[in-house]
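Visitor: Residue numbers (UniProt numbering): 1 to 70.
The set of hints was computed from the structure by calculation and includes no laboratory data. Among the hints, a few may not be true.
Here are the simulated lysine-lysine pairs, BS3-like style, with alpha carbons at most 30 Å apart [said to hold, decoys possible]:
id : residue 1 : residue 2
1  : Lys37     : Lys51
2  : Lys65     : Lys37
3  : Lys51     : Lys65
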Amino acid sequence: MQWVDTCLVGRVQFQDEQERRVRQQQIRLKDKEDELKRRRAQLGAREAALKIQEEEFQAREAQLKREEEE
Numbered sequence: 001m002q003w004v005d006t007c008l009v010g011r012v013q014f015q016d017e018q019e020r021r022v023r024q025q026q027i028r029l030k031d032k033e034d035e036l037k038r039r040r041a042q043l044g045a046r047e048a049a050l051k052i053q054e055e056e057f058q059a060r061e062a063q064l065k066r067e068e069e070e
């Protein structure tokens, strides 16, 4: 009867499992990075819209003050 070294088989399976987990973790991280980029872009668009509204409000407010002074 010959003995078969199964330690190597277990080690290979462990490495395969580790690699699979790392790949899954990288995929999740990439998804989170993409989501963060998307949210930052949305936030930038909202901030730009708010800035425009604020400028319009200030212009309207200045116009009303001029009309009151007349």
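Visitor: Please go over all the hints and tell whether each is borne out by the structure.
Guide: Evaluated hints:
{"no.": "1", "hint": "Lys37 x Lys51", "result": "holds (21 Å)"}
{"no.": "2", "hint": "Lys65 x Lys37", "result": "violated (42 Å)"}
{"no.": "3", "hint": "Lys51 x Lys65", "result": "holds (21 Å)"}
When each numbered hint is compared with the structure, a violation occurs for hint 2 only.
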